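S.K.: Heads up, the working numbering is the position in the sequence shown plus 25, with the first residue counted as 1.
Quick caveat, the hints were computed from the structure, so don't treat them as lab data.
In this text the structure is predicted, and so the values were computed from the model without any measurement.
Careful: at least some of the hints might be erroneous.
Stated by the list, open to error - Below, simulated DMTMM-like cross-link-like pairs (lysine to aspartate or glutamate); rule was C-alpha separation at most 25 Å, straight line:
1) LYS173 to GLU102
2) LYS173 to GLU278
3) LYS217 to ASP206
4) LYS123 to GLU90
5) LYS153 to ASP75
6) LYS123 to GLU285
7) LYS153 to ASP275
8) LYS173 to ASP275
9) LYS320 to GLU199
10) LYS173 to GLU101
Stated by the list, open to error - Label pairs and their in silico Cβ distance ranges:
11) ARG244 to ALA154: 45 to 55 Å
12) VAL286 to THR128: 44 to 54 Å
13) ALA197 to ALA161: 30 to 40 Å
14) GLU242 to ARG78: 34 to 44 Å
15) VAL333 to SER234: 14 to 24 Å
16) ARG126 to VAL286: 54 to 64 Å
17) VAL261 to ALA197: 14 to 24 Å
18) THR109 to ASP144: 13 to 23 Å
Heads up, the beta-carbon is just placed ideally off N, CA and C, and yes, glycines get one too.
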Amino acid sequence: MLAVGEEAERHGALLAGAAAFAAPDALEEGLAELREQLDRATKRVLVVEDDDRQRDAVARLIRGEDVEVTAVATSEEAVAALNTDPPTAFNCIVLDLKLPRATGFQLLEHIRASEELHDVPVIIHTGKALTQRDEARLRRFAQTIVVKNARSSERLLAETSLHLHRRPAALAPEGRRMLADLEHAESALAGKRVLIVDDDVRNVFALASALEAHGMEVRFAENGREGLQSLQADPVVDLVLMDIMMPEMDGYETMRAIREVPEVAGLPVIALTAKAMQGDRDKAIAAGASDYITKPVDIDQLTALIRVWVNRG
């Protein structure tokens with residue numbers, strides 16, 4: 026199937042099973058892409074992962090009647106696989122960053138330096154904590170970054186299916202269920218607007234990256250005073266993540282102030298704190314928090330909490 030629409034609709038169309046996508050003014054190019062996809066019914070994926078158990082799990086997740094998987098443990102083995110086969114034989118590469126000897130970063134740069142491999146989609150699948158600099162570097166070369174967590178299998182299957190133009194019907198029943206669960210979970214957050222109030226740039230970056238991956242729109246403020254001013258200037262927000270320990274105006278004071286502003290008095294506010302004592306939770310709730318989560322934040326727990334509050338009707 027060739028899907029035709031605006032560029033913003035590309036991701037959804039491909040994930041739904043379209044073999045190719047084209048803008049209304051580019052039908053010829055779209056038809057050519059569709060013919061190429063049909064000519065290569067069996068897709069090939071290269072998985073590069075040094076952990077034996079995870080490598081096998083990823084291969085099993087992706088492999089199917091329509092997909093062959095070559096799984097290797099090192100950058101050297103990956104280069105050998107790419108050199109042994111015609112480079113264009115691989116339709117997608119799944120790459121971990123924490124590899125022995127030559128790192129995933131180095132392998133990625135090698136792949137992108139190759140004229141034959143330059144356009145092969147690369148999905149970064151990693152448990153490595155990424156700095157802002159790391160992510161910016163990766164975005165130059167990789168199509169997608171999937172951080173290993175409780176939902177990463179669903180996301181990895183979804184992203185590989187997108188880049189391989191896999192039809193949902195070609196997946197095993199378990200794979201179809203995983204994609205359906207992911208679509209339901211992410212659609213509950215997509216387009217929701219969140220304000221993060223936190224003076225730690227690292228926390229803001231980590232939270233924003235995770236929430237934007239779910240399709241949320243994120244803005245942030247460095248302290249309580251800025252957060253309150255942001256809400257007063259633009260109260261169109263679905264939820265606030267509020268750090269407690271901040272200079273100038275801490276989270277407790279800020280939440281009390283928010284509850285005094287009619288336009289946002291009923292806004293869900295989730296308090297973030299490094300303390301886990303019951304007294305701290307009670308104090309946060311008394312100050313106006315709708316709910317509470319402790320640092321370091323478990324992203325899966327946080328997104329589940331956000332899902333409840335922004336869709337509470």
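S.K.: All the hints need checking, so say for each whether the structure fits it.
M.R.: How the hints compare with the structure:
1. Of the supplied pair hints, the one linking LYS173 and GLU102 holds, its CA atoms being roughly 22 Å apart against a limit of 25 Å.
2. Restraint check: the Cα-Cα separation between LYS173 and GLU278 comes to about 36 Å, which exceeds 25 Å; the hinted pair is violated.
3. A threshold of 25 Å between alpha carbons decides the hint, and for LYS217 with ASP206 the separation of about 19 Å falls inside it, so the pair holds.
4. Restraint check: the Cα-Cα separation between LYS123 and GLU90 comes to about 30 Å, which exceeds 25 Å; the hinted pair is violated.
5. Annotation: proposed proximity of LYS153 to ASP75 holds, straight-line Cα distance about 13 Å (limit 25 Å).
6. At most 25 Å may separate the alpha-carbon atoms for a hinted pair to count; LYS123 and GLU285 exceed this at roughly 49 Å.
7. Distance hint between LYS153 and ASP275 is unfulfilled; the C-alpha atoms sit about 32 Å from each other, more than 25 Å.
8. Between LYS173 and ASP275 the alpha-carbon distance is near 33 Å, which puts this suggested pair outside the 25 Å criterion.
9. At most 25 Å may separate the alpha-carbon atoms for a hinted pair to count; LYS320 and GLU199 exceed this at roughly 34 Å.
10. Distance check on the hinted pair: LYS173 and GLU101 sit about 23 Å apart at the alpha-carbon level, within 25 Å; holds.
11. In this structure, ARG244 and ALA154 break the distance hint of 45 to 55 Å, their C-beta atoms being roughly 24 Å apart.
12. Take VAL286 and THR128: their Cβ atoms lie about 49 Å apart, and the range 44 to 54 Å holds.
13. For ALA197 paired with ALA161, a C-beta distance near 37 Å keeps the hint of 30 to 40 Å intact.
14. A hinted range of 34 to 44 Å for the beta carbons of GLU242 and ARG78 is consistent with their spacing of about 37 Å.
15. At about 22 Å, the beta-carbon gap between VAL333 and SER234 stays in the expected band of 14 to 24 Å.
16. For the pair ARG126 and VAL286, the supplied restraint of 54 to 64 Å holds, since their beta-carbon distance comes to about 56 Å.
17. Taking 14 to 24 Å as the suggested C-beta distance range, the pair VAL261 and ALA197 does not conform, at roughly 42 Å.
18. In this structure the supplied range 13 to 23 Å holds for THR109 paired with ASP144, their Cβ-Cβ distance being about 20 Å.
This entry does not satisfy hints 2, 4, 6, 7, 8, 9, 11, 17, going by the numbered hints stated previously.
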